[in-house]
Amino acid sequence: MLATLHTLTDPWADPVGRRALLEVALLGVTGGALGCWIVFYNLSYSAESLAHALLPGLVIAALTGIPLLLGGAAGLLVAAVAIAAAGQVPAIGRDTAVAVVVTTLFGAGVLLALSPSSPPGLQGLLFGDVLGVSDTDLGLAAALAVLVLGALALLHARLLAVGFDRLGAAGVGVRPLVVDLALLVLVALALLVAVQGLGNLLVVAVFVAPASAARLVARRMGPMMAASSAIAVVAGVGGLYLSYYAGTAAGASIAAMLVAAYLLAGAGRGFVVRA
Amino acid sequence: MPDRGDLTLVRAEGLAAGYGAAPVLTDVAFALHAGERMGVLGPNGGGKTTLFRVLLGELAPLAGTLQAPARFAVVPQTERSRLDFPVSALDVALMGSISTLPWWRRPGRAQRRAARAALAAVGLREQAGATFGDLSGGQRQRVLVARALVQDAGVILLDEPFTGLDGPSADRLETLLGELAAEGRGVMIATHDVDQARGWDTVLCLNGRQVAFGPPAGTLDRDVLEATYGGAIVELPGGELRGVLPPHHH
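Protein chains in written order, with the numbering used here: chain A, 3 to 277; chain X, 3 to 252.
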């Protein structure tokens, strides 16, 4: 009995573990709720692209010592402009434009991060370093949670109206462009904050996997967001346990648990495929 | 409540509309009064949707005048909405309250009550909690009518609402439209069904321009129908001009 209790509490015995727990919980709640809209607005690919494309910004920030948040924001801006410009080239579709820009930027970021002359620790930008989060990171994650959940609550009816019938939204007094922009800004902000804890390669998992799992078990948006957040937090904490006891990388363990949650939900639904 | 037919909800004079400099619809002149059902007839691309967009304020008229003191709401074709979207009938009806609230206010108890009342008014009290995509085509159409009621619309525009409905569902919707008009609203129905439109108060025939407008009895003759549909009229064995076969009919 006592041994079981110790097994459960050991990972949180020191501040590093406790901070990781809090970070994972905050990002899980935020990513889970926001993820439902990402999935229903078909933004999964965009979110993944944005996450990858901001890598050079993060790396340059890390190399020059400016705050990662600023570097990431600049990276996002460059990526957005580059995608818009590439999309203007005739005979390149939007999809291709995004892919070209994102792989270029991501490749540049990886080159910078993994060159022998770069200081060690930059791999953390790729795979995340949830065990190394600072109090500042936690503060940011908490602020992000408040901002995103508040904005989603405020925008709920409009997000529903646009997602339900984009062309008809104007008829009920909702401008789809404004709603889209608001959602994209939230996604970009969430990525900027979450990427520092979960890493460039894995961050999208927390936005897409729990929401996809929740979609299989919930029939309404509100419950779906709650379920998604809960799944994200549980999987995140599970990932930390896995990492602690199996000695695996924390970010990868969390991503694995998030995907496992989706597979579990799918199995529970008998892999019912929904259009 | 004003006298039936007394209150003008829409008055258009010499209206032209389009998406560039060249209008796709010209010479539109009609009036809609409280309590009237108006059939809007015409081929696909004839200007029905364009006219609706002008009335909804989504498109500015290129010429002419439009007096429309009433509040408008549109009932779109249900196939356009996503049937896999996780919303209940009540959620959809509640969307009608967005335009009645300032942007920082979430729909609350009063709006919820209004949405439930609207669903009851269209005969869907029991289905309020059902998933929109699980409802039948006719029920979905009525949920969207309920949404228009929550918008407190004086004029309700319906975009081919009878498409794909079976007989009983169509009858049910027809009755509902009559009730909406009887309560003093104006109802404009884009349709391909000439025979059905004969039962309404006025008809507006569009084919890039206004072909005719007036009570159906004196308006829907052979010349008008041919000018409206360009000869795609199906003449039934009885000899009476009843229906029209739209190009996309399925």
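Read the hints as simulated data drawn from the structure, not as lab findings.
Keep in mind that the hints are not guaranteed to be accurate.
[Said to hold, decoys possible] Simulated DEER-style distance windows between Cβ atoms:
#1 X/R114 to A/G152: 46 to 52 Å
#2 X/A24 to A/G89: 36 to 42 Å
#3 X/R200 to A/V91: 33 to 39 Å
#4 A/G152 to X/A112: 20 to 26 Å
#5 X/A122 to A/G95: 19 to 25 Å
#6 A/M3 to X/D86: 42 to 48 Å
#7 A/V80 to X/W105: 27 to 33 Å
#8 A/T106 to X/Q69: 54 to 60 Å
#9 X/R111 to A/H8: 35 to 41 Å
#10 X/G216 to A/G89: 17 to 23 Å
#11 X/Q69 to A/L140: 58 to 64 Å
#12 A/V83 to X/Q69: 56 to 62 Å
#13 X/G216 to A/G268: 55 to 61 Å
C-beta: ideal position from N, C-alpha, C; glycine also.
Hints versus structure:
no. : hint                         : result
1   : X/R114 to A/G152: 46 to 52 Å : violated, 21 Å
2   : X/A24 to A/G89: 36 to 42 Å   : violated, 29 Å
3   : X/R200 to A/V91: 33 to 39 Å  : violated, 55 Å
4   : A/G152 to X/A112: 20 to 26 Å : holds, 22 Å
5   : X/A122 to A/G95: 19 to 25 Å  : violated, 48 Å
6   : A/M3 to X/D86: 42 to 48 Å    : holds, 47 Å
7   : A/V80 to X/W105: 27 to 33 Å  : holds, 32 Å
8   : A/T106 to X/Q69: 54 to 60 Å  : holds, 56 Å
9   : X/R111 to A/H8: 35 to 41 Å   : violated, 49 Å
10  : X/G216 to A/G89: 17 to 23 Å  : violated, 50 Å
11  : X/Q69 to A/L140: 58 to 64 Å  : holds, 60 Å
12  : A/V83 to X/Q69: 56 to 62 Å   : violated, 46 Å
13  : X/G216 to A/G268: 55 to 61 Å : holds, 60 Å
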